[in-house]
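Participant: In case you want the letters, here they are:
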Amino acid sequence: MNRLLAALLLAAPLAAQDARTIVDESQKRSRADSQRYEGTLEVIDSKRKVTTKKWIYERLGSAGESKAVLRFTAPAEVKGVALLIHNHPDRASDQWMWTPAVQRERRIAFQDRRTRFFGTDFTFEDLEERDVDRSSYKLLGEETLMGALCWKIESTPKAEAKSQYSRVTFWIRKDNYVLTQAECFGREKTDKLVRRIRYSDIEKVQGIFTPRMFEVRDEERESTTVMKVERLQYNTSMPAERFTLQALRRDQ
Amino acid sequence: MIQLSNVTKEFDGKRTVRALQGVSLQIRKGEMVSLVGPSGSGKSTLLNLIGTLDKPTSGEITLDGQLLSGLTDDQLTQVRRDKIGFIFQFFNLLPSLSCLENVALPLHLRGWKKAKASERARELLTLVNLDHRIEHLPDELSGGERQRVAIARALSVYPPILLADEPTGNLDTHTGAEILSLVRDLHQRLGATVLMVTHDRSVAESCARTIILRDGQVVEDINREPRL
Amino acid sequence: MMLLRLISWPYVRKHLLRALLTTAGIVLGVAVFVGMHTANQSVLYAFNRTVDRIAGATQLQVTAGEIGFSEDVLERVQAQPDVEVAVPVIEATVQTGIAGQGNLLVLGVDMTGDRSLRDYDLEKADDTIVDDPLVFIAQPDSIIVSRQFTERTGLKLNSKLTMQTMQGPRQFTIRGVMNSEGLASAFGGSLAVMDIYAAQLVFGRGRRFDRIDISLHPGIKVDDARRRLQSALGSGFEVDTPSSRGQQFEAVAQVYSMNATLTSIFALFIGLFLIYNTFSIAVTQRRNEIGILRALGASSGLVKRLFLAESAITGLIGSTIGIGVGILIARGLATYLGTFFAEVYGVGEKAQEVSADPKLLLSALFIGVGTSVVAGWLPARNAARVDPVKALQKGRVQVITEGESRLRRNLALLLLAGAVACATLGHVRIFFYSGYMLNVLAVLLLTPALCIWLGKALRPLLKWLRPVEGALAADSLLQSPRRTSGTVAALSLSVALVVGLGGIAKASYESIRSWMDAALSPDFFITGSETITQRSIRFPEELAGEFRKVPGVEEVQAVRTARILYSGTPVMLVAADLRSLAERVRLQVIEGDGATMYKRAERGEGVVLSDNFALLRKVKTGDVLELPAPDGMVKMPVLGVVLDYSDQNGTILMDRGAYKKYWGDPTVNAFRIYLNAGEDRAAMRQKLLDQFGGRTRLFIMTNAELKQYITNLTDQWFGLTYVQIFVAVLVAILGIVNTLTVSIADRKRELGVLQAVGGLRNQIRQTIWMEAIAIGVLGLAIGFALGAVHLYYILEVTRRDLAGMRLDYRYPFAIAATLIPVILGSALFSAIGPAETAVRGSLVEALEYE
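Chains as they are written, first to last, in the working numbering: chain A, 1 to 252; chain B, 1 to 228; chain C, 1 to 850.
Since the hints were made in silico from the structure, they are not lab data.
A hint or two may mislead.
What the hints assert, rightly or not - Here are the computed distance ranges between Cβ atoms for each label pair:
id	chain 1	residue 1	chain 2	residue 2	range
1	B	Lys114	C	Asn288	35 to 41 Å
2	B	Asp221	C	Pro460	51 to 57 Å
3	A	Val50	C	Asp690	48 to 54 Å
4	C	Leu328	A	Lys47	37 to 43 Å
Unchecked claim - Each computed EDC-like pair below joins lysine to aspartate or glutamate, with the alpha-carbon atoms no more than 16 Å apart:
id	chain 1	residue 1	chain 2	residue 2
5	A	Lys67	A	Asp94
6	B	Lys55	C	Glu845
7	A	Lys162	C	Glu84
8	A	Lys228	A	Glu215
9	A	Lys174	A	Glu143
10	A	Lys152	A	Glu25
Unchecked claim - Which residues of chain A face chain C? A partial, calculated answer using Cβ under 10 Å:
id	residue
11	Lys53
12	Phe72
13	Val78
14	Lys79
15	Pro100
16	Gln103
17	Arg104
Glycine included, C-beta positions come from ideal geometry on N, C-alpha and C.
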């Protein structure tokens, strides 16, 4: 999923001091040719009201040049709605949404990627993968987080990345290069903390350290989305044809 | 001809003014009477009452045997039409009408045919020596001439009573005398009863009878032989 | 100031009624001026505010008339470097089927991105439900409505709401409620938001958008971006700010504005005469007082200034009242004008509050006071000329007007000559309007002379009626033309105004009626909405074929009407089957060859224009029109001009083939259906409804219903005219009351003398009554004549500058005839009061009256 999610999905112990190298290594360790999982999302809003959604996520290709399809399976009202993402190493991804009821796909315009992803606390931007080179990194030091010693790294998106964030702080575990937390700071006015993502329940699946639980906290809306990753599989075979608009139209 | 018994007239304003207080008097047919008195003594009021322009607060007025009390405005106008001719100090001619039309006006109001009214008006204007001014507008006449037109108008129906309110008051002495002699002349010729309000002593004394008013009451009633 | 209080105020207080009546003209003039313009501004303001609310943060909008454009334009727009956010929009007006709720403006927007442009201000409490755009988008029946709407209808979140769509009545689910601010407050909350792709489906847009809303990157100048976008997209598109929609509205409202301005000028003119009249008489009456002032050392300049100050104050009071009345009028008018919203949006919005522009009020005040001071000028000059010695001599009247009237007459003749000269140069606009002005002025200046002539002519008649009273009345008129002519002038202006307005209404009705008989020949008109002006719901073209197959249907004509911009003005494009139309409809041909022009237009060789288009846009046969189409300007030669009143701004008649070719839009607004002879219309209508009503939303109007509808629209248009007629008559009546009141006061002594020398009360009454009637007759006579001239000019104005309607000169005899009893009756009526005062007052006082 997003570069953070993507990043956290890989892990390999390697001693590295340079911030960029650490991030690179972290990504490398989570690399897989394909990925499939079923996510259960719970959105808990400021009033403690909970809504649940489920999706199936499939990804083909490695970070930077991957294609992904996200298909909602629950609740009933949204079943069949799908999102197709084509990531590019050098530019923002292309995203299309398919709504079965009107038999229409719609392009998610680049301008809209800061908007929340359909009632979750992710934004469309959070869902795309980005090349490591599109940000610059600075090692801020080391910190213990959730009982593990982490590198604290500040990433600043380069201008051409046109990110909604002014900077993102990562915590990457020193022992297994797994990303455990990211704090995203907004661009508008003050660089205020707008979103915090925590990764937990880290398990080794097919040799890759993978968090099974995501927690996205939107600080502005005081809303939290918790996603459980289930039936995670790496490197299963998937036809490339599945990641096209035609396929989207066909297998609604 | 004119009979007043105990006539009182009050004017209601911020404070009631009693202009006439229980005036009783009698003027016989054919008399020529002057009414004198200082300003505010009630002479004009008395004249207006007799002329039916106004109604007394109390008391009774009889004109030519007709009792005025209880008559409606239109009935009073009817009395005025038939019995009274007015001569005003300021002439009160209608500026847009010629002398002839001014004189014929009362006749028109009485519904006279135009030809007949004109004939009478001419006759009257001749009587007041204005036959050469018939088509002139009042503005084109001198004061004396205007008053003569006014007199002709007052005489239009040969009323038995002629009321004059300071007829010479707005004229110079010479013209005043002329007008006065005209009135006297007409009085003698037509035999009308004349009641004339005046300030002018000599005018007053030229009448056979002079009534003097003060503070709304008759203080003196002088009968004299008319001077000639 | 002291003088005003000591000298003027007691006089005014004594004649309070008269003073009030004097201001009547100013009051009405200012009231009409303020009322009309305030209403206009308020509606415009409300309109702009609505536009703003709907536009949100939109800085520029891309449109292509009402036709819309294909989806790929969106990406072209989004690719522009200036554009930060560009979102597509569809607007449609639907009926909700809820009694008393009227129409709902449905805004179709892209819920994935639009929120950066518009703040929907969704209710916090239901955040998670409403704010779940996923459900919203996944379910095409989702709509967001305003809180006001839910309050009015009792509907709640997740309630069902039935709306009329192109697919017939459909149920929608309320999945969001907007708080009643910003967007949701437009149209009093009669507004709903839905997903644009669902909207395309239910409103028959295919893969097209109506509009794209744009916000620019910070720091980019809107005007620069507009130019760059325009050149990038080509001339088939309009790139403009949201407020330009207001400008289009302004163009429509302008007609009303001009009309109202004309009326207020007339009313002020009338007011001018009323004031002139009253002041002239006041100067005569107060001669004595002026004499005393002068004797006490006041200079003639001071006296003049005193009177001018009085007239200024009169004007000030009149204007102030007028402004108040005007704002009241504005309230009513604003509602009335609000119907224009329906023309543009399909949903009427009232101006919530009428807010008057201080600048407007100030200018109204200025106009009112100015008029009053102008009116008081001559009387003030006369007052200054009063000779103190003569004035103090009792019983003498100083005549000061002799030279003036001759001067006036000469001036009038000069003006008349000027007017005639201008008439020969009438094709030049400035001369035309000057001629108009000169004509009116000349007649007004001639009024005193005319009064005398007519008065003399009238005398025998009056005398014949009542020998004594008639003659007296006529003489009274003749003796003081100055006193009378003011009223007569005011009265004749009113009459002329009424004749003009009535004439134009009559001519318009006749023209529209004969056009309707020629143009509206089908048995049925099938539309997608109850109002034919509503074009947001359209049919697929294929429906025509299906209608044709219905037994009993002889012919079907598919018509697409759309507003497009022709050099900045919204005009009506009518795309129809010209071959069939030419056979069925016989529009009067103004220019071009009636036999061939339709055939040529059918081959796409050009267009046929309506007469008003040709007149207003100044084009003629042979000219080439450039029309904005999606792929750039389409050049269409004008093949002919026909008489057609379909649209106020003009129509372009084009063959459907050409329209589809250049605009790529196969949809249809209306079908014109001809039945076989002898078919039962009611049965056929039912048959069509049964057959098609289930799957598509359609309304069937019969020929008679449509004609009635258009007649009603016309009535509505002229509703304002009737208001103006009413105002004009009212001013006329007030004018008569004023003059008679003044005139009786002026003649108190004269009337006293009449009574003293034996006039009966009835004679006095009848004299006054007859004088009043005589004034009425004079006013009518001059007014009818002036009206004839006025009508000529106003028809010309309508043709040249307002509606482009070629109207026949038809003197409105019926209205003129109605005016006779109205004016004479009100003259008589207004004489009753003064007459009674005259006969009931004290004779003694009257005789001493000075």
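Participant: I'd like to know which numbered hints this structure contradicts. Please list them from smallest to largest.
Facilitator: Those not satisfied come down to hint 4.
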